[in-house]
Amino acid sequence: LDDATNFLVMYYTSTYQLCARYFCGDRSPLRDMFTIQQPSTLIPTTLTANRDVAPESTSLANVSILQSRELGIQILNHQDSVTDYCSVSSYSPSSPSRMLRSYSSLPSSPTSSSSIPFLTDCEELNKLQELDLPSEKTEMFLQATRILPVKDLLWIPRQGGDIIVIGLEKEAVSQRGRVIAVLKAVELASYGSLVDAAVLAKDRVVCCFRNELMEWGLALWRSWEAKDFDLFYQSHEELGKLEICLHKRR
Numbered sequence: 194l195d196d197a198t199n200f201l202v203m204y205y206t207s208t209y210q211l212c213a214r215y216f217c218g219d220r221s222p223l224r225d226m227f228t229i230q231q232p233s234t235l236i237p238t239t240l241t242a243n244r245d246v247a248p249e250s251t252s253l254a255n256v257s258i259l260q261s262r263e264l265g266i267q268i269l270n271h272q273d274s275v276t277d278y279c280s281v282s283s284y285s286p287s288s289p290s291r292m293l294r295s296y297s298s299l300p301s302s303p304t305s306s307s308s309i310p311f312l313t314d315c316e317e318l319n320k321l322q323e324l325d326l327p328s329e330k331t332e333m334f335l336q337a338t339r340i341l342p343v344k345d346l347l348w349i350p351r352q353g354g355d356i357i358v359i360g361l362e363k364e365a366v367s368q369r370g371r372v373i374a375v376l377k378a379v380e381l382a383s384y385g386s387l388v389d390a391a392v393l394a395k396d397r398v399v400c401c402f403r404n405e406l407m408e409w410g411l412a413l414w415r416s417w418e419a420k421d422f423d424l425f426y427q428s429h430e431e432l433g434k435l436e437i438c439l440h441k442r443r
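Okay, so the sequence shown: first residue is 194 according to my numbering, each after it adds one.
Don't take each hint at face value.
What the hints assert, rightly or not - Below, in silico cross-link-like pairs of lysine-lysine (DSSO-like), each with a Cα-Cα straight-line distance of 30 Å or less:
id : residue 1 : residue 2
1  : 395       : 377
2  : 420       : 330
3  : 344       : 377
4  : 420       : 363
5  : 395       : 434
6  : 441       : 395
7  : 363       : 377
8  : 441       : 344
9  : 363       : 344
10 : 363       : 395
11 : 330       : 395
12 : 363       : 330
13 : 434       : 420
Don't read these hints as lab results, they were simulated from the structure.
Can you make the complete structure from the sequences, with help from the hints?
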């Protein structure tokens, strides 16, 4: 979890190569999807540095372009005291006042469907002023607090008390992540903000809340796996069909 930008960031454990990013601050994340990049679609294993830029482009005289399988393409802008990463930048509703630089090794990183389209560095900043951005309090409630591996799913509790549940789905030649559920209990509204969460044993997830009076509360969820959610949705659909049939008979 990148708590500064509120992104779930996924890497391959063997190479620490970035494969996916997902913005956790969506107000309505249910059914959000993002692609998980495969290693074969990324940069070949080469490492080159190009420090000699064409003389007619004087503004790029201090730019280096690095390529590697582990880091992908990096465009480095060498300033007087700071080396600035000028890779593709992304914007999200969680950060209206500043530009979020993507440290992705990919040409573009998949984000939530509500995220703002990718913009290149140092351009079109004025577009941020035109967006309908969430209030500071709403933004705080949408901040993820923890990434929990629960059986074959990822649970992402947020400060507002809800939990994003992400399943990883394999397709023919690719893999993707999809939000299959958003867990929320009305009874937890009086508990305050969710400040931490953890997996207990193998079948429980505990969430820790704290309110404005510094009072603490705990909530327990049964840790469902993907097949449990599939069974729930299937049963819900069948009950809905049965209810429609009963109304037609009346």
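Hints, verified against the model:
1. Pair hint residue 395 plus residue 377 holds up; C-alpha atoms about 21 Å apart against a cutoff of 30 Å.
2. Restraint check for residue 420 and residue 330: not satisfied, since their Cα atoms lie roughly 35 Å apart, outside the 30 Å limit.
3. Restraint check for residue 344 and residue 377: satisfied, since their Cα atoms lie roughly 20 Å apart, inside the 30 Å limit.
4. Restraint check: the Cα-Cα separation between residue 420 and residue 363 comes to about 15 Å, which is no more than 30 Å; the hinted pair holds.
5. A distance of roughly 34 Å separates the Cα atoms of residue 395 and residue 434; the hinted pair therefore is violated under the 30 Å criterion.
6. Distance check on the hinted pair: residue 441 and residue 395 sit about 44 Å apart at the alpha-carbon level, beyond 30 Å; violated.
7. For the proposed pair residue 363 and residue 377, the alpha carbon gap of about 27 Å is at most 30 Å, so the pair holds.
8. The hinted pair formed by residue 441 and residue 344 fails the criterion: a straight-line CA distance of about 41 Å is larger than 30 Å.
9. For the proposed pair residue 363 and residue 344, the alpha carbon gap of about 16 Å is at most 30 Å, so the pair holds.
10. The hinted pair formed by residue 363 and residue 395 meets the criterion: a straight-line CA distance of about 24 Å does not exceed 30 Å.
11. A C-alpha spacing of about 34 Å is found between residue 330 and residue 395, which places the hinted pair above 30 Å, so the restraint is violated.
12. The suggested pairing of residue 363 with residue 330 is violated, with an alpha-carbon distance near 37 Å, which exceeds 30 Å.
13. The straight-line distance between the Cα atoms of residue 434 and residue 420 is roughly 21 Å, inside the 30 Å bound, and the hint therefore holds.
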